[in-house]
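Participant: One letter stands for each residue in the lines below.
Protein chains: 4
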Amino acid sequence: MIDNQKLANTLRSFAAEREWDQFHTPKNLATSIAVEASELLELFQWSRGQKGWDEVTDSSIRSKVEEELADILLYVIRFADKAGIDLQAIAERKIALNAQKYPPEGFRGSDRKYDE
Amino acid sequence: MIDNQKLANTLRSFAAEREWDQFHTPKNLATSIAVEASELLELFQWSRGQKGWDEVTDSSIRSKVEEELADILLYVIRFADKAGIDLQAIAERKIALNAQKYPPEGFRGSDRKYDE
Amino acid sequence: MIDNQKLANTLRSFAAEREWDQFHTPKNLATSIAVEASELLELFQWSRGQKGWDEVTDSSIRSKVEEELADILLYVIRFADKAGIDLQAIAERKIALNAQKYPPEGFRGSDRKYDE
Amino acid sequence: MIDNQKLANTLRSFAAEREWDQFHTPKNLATSIAVEASELLELFQWSRGQKGWDEVTDSSIRSKVEEELADILLYVIRFADKAGIDLQAIAERKIALNAQKYPPEGFRGSDRKYDE
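Respectively, the protein sequence lines represent chains A, B, C and D.
Number 44 in our numbering belongs to position 44 of the first sequence; there are no gaps in the numbering.
Number 19 in our numbering belongs to position 19 of the second sequence; there are no gaps in the numbering.
Number 97 in our numbering belongs to position 97 of the third sequence; there are no gaps in the numbering.
Number 8 in our numbering belongs to position 8 of the fourth sequence; there are no gaps in the numbering.
Be careful, since some hints might not be right.
Unchecked claim - Cut-off 20 Å, straight-line C-alpha distance, at most; resulting in silico cross-link-like pairs (DMTMM-like, lysine to aspartate or glutamate): (1) C:Lys82 to D:Glu55; (2) A:Lys6 to A:Asp86; (3) A:Lys82 to B:Asp54; (4) D:Lys6 to D:Asp111; (5) B:Lys51 to A:Asp21; (6) A:Lys6 to B:Asp3; (7) A:Lys101 to B:Glu67; (8) C:Lys64 to D:Asp81; (9) D:Lys101 to D:Asp111; (10) C:Lys6 to D:Asp111.
Please keep in mind that the hints were generated in silico from the structure rather than gathered at the bench.
Just chain A, with the same shape it has in the complex (with noise of 0.2 Å):
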């Protein structure tokens, strides 16, 4: 479970001791989303992370990996408690919508989903 409220109100109160709330548009919230999201892309620009999960346990890089993954969770998080959307309502629709738009038969084994 992720106590994505309490963790809310904790990145408000966060917000409102450091007056950053007027920083906070949607806008800059969607650049910081995509700045650590492309930090995360970072650790693996060149030959790491192509193949399997295990170059992802190694201690050089696990605790990068986990700091950038939890910014992008974060500002996802306070980005949606900004905006007043419900994260487990929209993560259910959209897993609805996939699986309408690539029914399993189409697209088994293919990448071809995103050749088009």
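Following the hints, complete the assembly by docking chains B, C and D onto the known chain A.
Facilitator: Only chains B, C and D this time, still in chain A's reference frame:
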């Protein structure tokens, strides 16, 4: 609450039914998070979203914002599931780190955090 | 003028001397362009850069902007060189496409281009 | 050769005719570069592009790659024009910096450059 374990299980079945697990390397999932984050950002590419959150409640944009945000969250959950990462734990840890890094008295009302 | 052929040759030698050509796959170079673009964007993550261009002339930020912009350009040149793409030709072609897509009378003073 | 001055002039007229100059703030153009870079990356989101450059010559993908690469280049040229930055000069300077930062003997055949 986000039932990330249940969502992760659904995503596992989803990938298994389509034989997509082979494409879900660390690098590819990190790429996917970045691509979806950029699609959210694209909604605010020009003037929109620089002011307030009422710009996001408008029905012309609301559903797109929700879909992109859901995509990001789902790939974050999938990445964490593959890597064996506890999202609630890393989120709490990152907030604690940020509290140390940005003491309120040094950063109040300032965006210099990112100017260094 | 940008002497992209000369720059491409320098980048070729640079990669050859370090045996980095093996890492310069299409996906890795596309990742690198995205990562560097995000580093440029990060300089404007919060309030800065939303108003005018005098914010970019300030010496505290100028050299960082120049370095990130150069990184993007160099990876674009490297990608084009590896793919055998003529950058001047595709730039001209894209401008012609945009002129068709966005006739002045339909888009004057409007940012709706990206709102559809 | 890339005639970036001529392309910059065309982009200036293009923006002026549509009264888009008002939208071309530093942050918005940096956002645009990042968004287009991500669209290029999306073409290689899954398995494609991890091996060789022959994957990029295929006609099913070639024109998309060229369009996205052109978009990135055009926004880079537009950004530089607005900021008064000489692209050839900063590209040469960045290569010189990289040569210092990554001496061949210390980085040969290694991708550790990004692992630190």
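Participant: Each hint: holds or not?
Facilitator: Evaluation of the provided hints:
Of the supplied pair hints, the one linking Lys82 of chain C and Glu55 of chain D holds, its CA atoms being roughly 12 Å apart against a limit of 20 Å. At most 20 Å may separate the alpha-carbon atoms for a hinted pair to count; Lys6 of chain A and Asp86 of chain A meet this at roughly 14 Å. Note on Lys82 of chain A and Asp54 of chain B: the hinted pairing holds, with a Cα-Cα distance of about 10 Å set against a maximum of 20 Å. Pair hint Lys6 of chain D plus Asp111 of chain D does not hold up; C-alpha atoms about 38 Å apart against a cutoff of 20 Å.
With a CA separation close to 12 Å, the supplied pair Lys51 of chain B and Asp21 of chain A stays within the 20 Å bound. Straight-line distance between C-alpha atoms of Lys6 of chain A and Asp3 of chain B comes to about 14 Å, which keeps the hinted pair within the 20 Å bound. Of the supplied pair hints, the one linking Lys101 of chain A and Glu67 of chain B holds, its CA atoms being roughly 14 Å apart against a limit of 20 Å. Restraint check for Lys64 of chain C and Asp81 of chain D: satisfied, since their Cα atoms lie roughly 17 Å apart, inside the 20 Å limit.
With a C-alpha separation of about 14 Å, the suggested pair Lys101 of chain D and Asp111 of chain D falls inside the 20 Å cut-off, and the hint holds. At most 20 Å may separate the alpha-carbon atoms for a hinted pair to count; Lys6 of chain C and Asp111 of chain D exceed this at roughly 25 Å.
Hints 4 and 10 from the list above are not met by this structure, while the remaining hints are.
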